[in-house]
Structure formats: C-alpha cells, structure tokens
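**Student:** Throw the hints in and build the complete structure from the sequences for me.
As given, the protein sequences belong to chains U and Y, one line each in that order. Residue numbers for the first sequence follow this note's numbering, beginning at 42 and rising by one. Residue numbers for the second sequence follow this note's numbering, beginning at 101 and rising by one.
Keep in mind the hints are simulated off the structure, nothing from the lab. In this text, a Cβ means the ideal position worked out from N, Cα and C, and glycines have one as well. Do not take every clue at face value.
[Stated by the list, open to error] Derived DEER-like restraints, expressed as beta-carbon distance ranges:
{"id": "1", "chain 1": "Y", "residue 1": "184", "chain 2": "U", "residue 2": "336", "range": "49 to 55 Å"}
{"id": "2", "chain 1": "U", "residue 1": "95", "chain 2": "Y", "residue 2": "113", "range": "28 to 34 Å"}
{"id": "3", "chain 1": "Y", "residue 1": "126", "chain 2": "U", "residue 2": "436", "range": "42 to 48 Å"}
{"id": "4", "chain 1": "Y", "residue 1": "253", "chain 2": "U", "residue 2": "423", "range": "35 to 41 Å"}
{"id": "5", "chain 1": "Y", "residue 1": "256", "chain 2": "U", "residue 2": "140", "range": "23 to 29 Å"}
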Amino acid sequence: MLEIDALSLSIGRTEILHDVSLSIGEGEIFGLVGESGSGKSMTALALMGLLPLRARTEGAARLDGIDLLRLPERDLCALRGNDISMIFQEPMTALNPVQTIGDQVAETLTIHGKADRAEALAVARDRLDRVGLSHIGLDRFPHELSGGQRQRVCIAAAIALHPRLLIADEPTTALDVTTQAQILDLLKGLVAEENMSLLLITHDLAVVADMADRIAVMQRGVVVETGPTRQVLAEQAHPYTRALFAASAHQPERAGNAAKDAILRVDNVHRHYPGPRQGLSRGDPVRAVDGVTFDLQRGESLGLVGESGCGKSTLTRAILGLDPVTSGTITLNGHSVYPGMARALRADVQVVFQDPYGSFNPRWRVDRIIAEPFHLLDNPPEPRPAVAAALEAVRLSPADMEKYPHEFSGGQRQRIAIARALITRPKLLVLDEAVSALDVSVRAQILDLLADLQGELGLSYLFISHDLTVVRAITDRVLVMQKGQIVEQGATEQVFTAPAHPYTQNLLAAAPTLEVTP
Amino acid sequence: MSRLPVSLWIGATITLIFAALALISLVWTPHDITSLSIADRLQPRSAEFWLGTDQFGRDMVSMLMEGSRTSIAVALVAVGIGMGLGVPLGLAAAATRGSLLNEIIMRGNDLIFAFPSLVIAILITAVYGPSATNAILAIGIFNIPVFARVARGGALPIWTLDYILAARTAGKGRARISAEHVLPNIANLLIVQSTIQFSLGILAEAALSYVGLGAQPPTSSLGRMLSEAQTMIYSHPSLAVLPGLAIVVMVLGLNLMGDGLRDALDPRLRRGRADA
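**Tutor:** Right, dumping it as structure tokens:
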C-alpha cells in the first residue's frame, strides 16, 4: 500500500536520510526503530509533506501509486487527516488548550468538508467512544484530561476519517507504563477493526517487539535492517541491532557494598496541599506524600518506582530540603533536612535531573555550571582544578570546561550534570529520572558510569524512575509508591520476580518486555 | 550566527545617525542657538544655513541636533528609570509567586496602568513646574509597570526549569538566582522592550514639549519647535515639517531596530519552521 523507494533527504549540506526504502502493507503494523537523530521522525514527516522548508528530497514515497513527495500542497492538505493521519509524542502540546476536545475531533471532518458541524460532532462522539472515552463529554478542555486521555483524543481525531495509514511518532514515550499498555492495546485493536496500517515510530525495542508485524531499524539516516519482527529480533543480523538489543537489557556490573548504616532516614513524612477551591471553602487537602517511612543505607542503591502523580517528585523535593514537610522528619547523615537548613549541610545531598536540556543555564560555561554547588561550602577549593577532576571523573575532557552546554550531546550533558552533583563530594545522590530521556546505548553508558562512581566514591543512590528495567538493573532495593504511600518494598530481584502488592503486579504486567526466544 | 534581519540593519543605522548627531551637538553645532539674530530670521536654505533659519534667526540644523539630543536624553533616562525599578520588581514578583509581595507588586502595577499616562505626565509637570527633569520623571514612572510585567512574564517559565532547582540545591537564595540565572535569560526580552519604550518616550517627550511642559528655552526640543512653527505652517512649512520628520524617522528607526532585535534574539523566530 505504502512504498518508500530510495528516499534521500538533505537540509542544506547535511544529509538526514540516505536511500531509505520501506513498504507497509494493508492492515499491517510496521515498527520503525532507532535512536534520536536516526531520521525516523523525518521519514514520517516526509510522508505527510511536513518537512522543514529547506529540506530537499530524492526518491519516491508512493501511497497507492501516488508519489507523496511530488504532490502539490493543495493535494497534500486533502490527503492529510484523510488518507494519512498522525499522532505525536506529547499529547500536552498536540491539542489546542482553548478548544474543546469535541471541536478538535470534529475539525478533522469539517476541514475536509465531509460533514457539517452537527454531523461532525456526532461522529466525534462516536470516535471518542471508540477510543474508550465514552464517559468524557465533548465540551471538556484538554487540561481537564490526563495524559493518557489526551493521547486518546489525539487518536480519535486521527481516525475520524478512517485513514488508510496512521503514523504514530513515539505515541507512548510521555506516558506511564500502565497507560502505555492501554494505548498500545487500543492502537492494536483499531488496526484490526479499521483495517488501517500503522507506522509505529519508537526508540523502544520492547514496544515494537510486542506490537509490530515487521520492523525496520534505522541508524544515522540509513535503514540497517528490516524484516519480520520475530526474525529481526531473533537473528539480530546487523551489529547495530545487536548493540541496541544489548544496550536495552544492559546490566551494569556493581559491587554490592551497602553497609548497615542509614545515611538517609525518612520517618512518617506527610506533605499535604490545600484542596481545590469549592466556592468559598476548600475541598479535602491533597495528600501528595502520605506517611512515607524508609531508610537508605550507606553505599546502597535504592529505587523509587511509581507513576506520574504518585508523589515521587514531592518526596524528592522534601529530601533535597527544598520544600517543607507537613509532618514527619527527614534525617540525612545525622542532621535533619528542611528548607532553612545550613548551607554547608546541603552539600551532603545533590541531584541529577531528567532533562539534559533544561538542567543548565544556557548562558553559562561548563566550568561555572559545575562549580555552582561550591556556593554551599564555606571554604570552597580552587574551582578550576576541582572542575577538571570532576570532568575526568565522569569521563569527559578537562578542556570541555570552556564550552557551553549546547555544544554537548544529551549523554554528555547528563555527564556534566553528574559532575556538578559530585563536585561537593555528597554522600547521597538523588537521580530523578536521570536516564529516562536518553537513548538506550547512551543510557547503558551512563548506568555503567554511575555504577563505577558508586564503587569509587562510596555513594548512596536514590534512583527515582518510572522505567522498571532501569530500576531493576541498577538498584539493590526498591520502593513502590502509589498515591503518596509506599505500597511495597524489598530487595529488587524479589519484588520483580514475586511482586506481592496488586499495584506492583499491574506495573510489571504492563511493562513491555523484550524477551525473544531464538 | 545566522544572517541578521534587514530591519535591524536599517533601524540600527538610523538610530546610530541620530545618536551621533545628538552627541556631536554636545560639543559643536553649526551655529549657536542661544543667540537670537533677527536679521537672519526665516532665511531659506543656503551654504551658511543648510536648512534655513526659524523666526528668531536660529539655525535649523543646530536646532534639530539639539532637539534630538533632548529627546534622546529624556527618553533614555526615562527608560533607565523604568528598567532600573521595573525589572527588579518584576523579578521579585516572579521569585515570590503566590506570596503577598507578588500581589502587592502586581496590583501596584495595575494601579499605575489604570491612569492615562500622558494626562498624568501633564499633571506632574503642571504641578511641579515644566522642566526636562519633571518630564523625565513623568515618562519614567509609566515605564516601571511595563518593565515589571515583561520581566515577570519572562521569569515565570524560567523558574520552572531544572537549572533553577539545581541552583536551589546549591543553596542559592531567590535574589541570587534571579540575578545569576533568570536575568541573563530574559535579557533579550528586556532589550527589545526597551527599544519600544524608548520610541514611546521620544513621542511622549515631544508631546509634553509641544504643550510647553517639557524642556524649557533656551534648550531646544523637537516638540517645542513644532509648536513654535504652528503659526507659520502655511508660510514656512519646513519649520514644522523638519522637526516632525525628525521625530517620525527616529521613532521608525527605533521600532525597526526593536523588531529586528526581536527576530535576531528569538531563536524560535529565527528558525522558520520547527525541526522534528
């Protein structure tokens, strides 16, 4: 049905895609896998005719024999949303915040002149029912819905006109594991019922392993391997596929040397927020953290797992001494932690954040960025040698201190973030989704680095993540958090192999797995 | 660095020419405009008087140079007052979001905004006497809420970024974070806003001088040149057209420069369509 034939694409003098050939059959789920910069999204945008203005293409992309690359804009407009639809990674920004969801789904129909407003709204209702939102009114606004519900709205709009091909660009990357499982199920069901084809673009091999009939693996603008999913995953003929596969399941080597000496004690911590306004009064307070108690031993890696909204971030900020707690105590290395604590004591705990792009002031040079926590010390050492040592510790070059953050890749930036966190020689490092935004191969390297640093410096890690594979790879013990409470805790392997709490069981069942028997 | 916008080049050139003329007038003008010479009144253009003379025999070129200087000086100091007070207030409001201080600052801004600015400027100069200083104060006060709002609006999203959280874990206080992290990242917004306020300041100064509440004689001012030429607009139109043209070109240049700066400093506008 769709035939991409030797598609090459360049912007200016940079070649983005080289000789990409794919074919997607009627009713087929085709997985396009690759790391960031591999050109997978550009391939999709080329099909939709949504490439950047300066992009030049060669080759052909034929939908039922019509070359999409040579169609004039007017014909493409008629095609988009009609024969080919697309959904995006970020359902937050893919919907217009000031329009109701009913109007946004109906828009697909009215734009193409397929229905008047009343009919379109009726169809919108039907489509929203179809994607499992029958309990949500057409007059609701995007901000009133959860991330998963928003993605369902995007899907409803995309399938409003029964497209032949649906392109899903990382449709579940921004979602929690249980929501991801539901959305993938929904897409699978739609493909079967509507007899449409699905081009599923993802960086996550595990997602396509469960879903796709056939996959293509892309690297630096080139399709390195393509074929039936089972065959590609089982044979792993190309070295890059093999490397991706190994990186996804990477287990850093760690020496378990947790001493029985609690460095962090969290004792019955509550953090409540005022409830939503209801007229003049307020509703019940929101219990973001609701009676959490745990210890973290010296040299230990402790995982904290939970979905968005479970209170992980609130708890993290309390442990960092940034926000006050409503009740309970947090003790770090013998002194209590609260917003007014002495500066010097804060040096014992540092943090690495998720987003390697938002973590640094873009106008600061690396030397100044890394030396910033020296503000905590009364007698800070000479910054330059210390920064150079920190850069070497995270396997970067001391010469990098003269550069600005935008000159580094995502993985390098995360190394800089770790260097900044280590410069005051903290006892505890909080890793808040620190590898979630990284490609699998980079993620494996950062995990190795963290394991090495733990051995060298005797660090304790609090590893907060929604990614169960990562938590399993790097932690000794794990806490599972739901609705502000710890519902299960125990040795990582034990929790993962024999989960006791139903919520943990749900989480583990929802996580896509990458187990292929050759 | 990508190519700079054309509007930036044109605007900056015009602005620089006026700034240069104004600076030169500090040390040299073709003629002394403090001495009146009735014998030379209403001269046409000549080798001695390039743009002729006015009804008091003063050289128009010298008058325009000095008038531009007055306009620029008043607008510059007024923008300085607005930035100097408004930006710290806006930063403080953003840093203390949700607190009483934030409410006080922003409601105070609303209060100033609620007054018709030019009328209040006239009131101030009428009460405290017409002078360049009072004109500066009157215009400057109304720049404060503008800069406070722009600074707060730009600072709020920056406060949600991870590097602010990292700075807080490094034990830095709100004031220090505002100065080190927030201010440099909203500087482009403030620069663009200041060119807009600068051109508005020139217009306001001209309006105040026109009604006689701005700079007083013998200081030349574009607004007063306009009002003095009013009675002779039919017999000697160039006396009104020249200062009017000077105001228009100067404001146009500043607006073009502001537009160009916005395009040059905003990476989202620079790139055209967004990358994937």
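**Student:** Against this structure, judge whether each hint is valid.
**Tutor:** Hint check:
1. 184/Y - 336/U: 49 to 55 Å: holds, 52 Å
2. 95/U - 113/Y: 28 to 34 Å: holds, 29 Å
3. 126/Y - 436/U: 42 to 48 Å: The hinted range 42 to 48 Å is violated for residue 126/Y and residue 436/U, with Cβ atoms some 59 Å apart.
4. 253/Y - 423/U: 35 to 41 Å: holds, 40 Å
5. 256/Y - 140/U: 23 to 29 Å: holds, 24 Å
Checked against the numbered hints given earlier, the structure breaks only hint 3 and satisfies all the rest.
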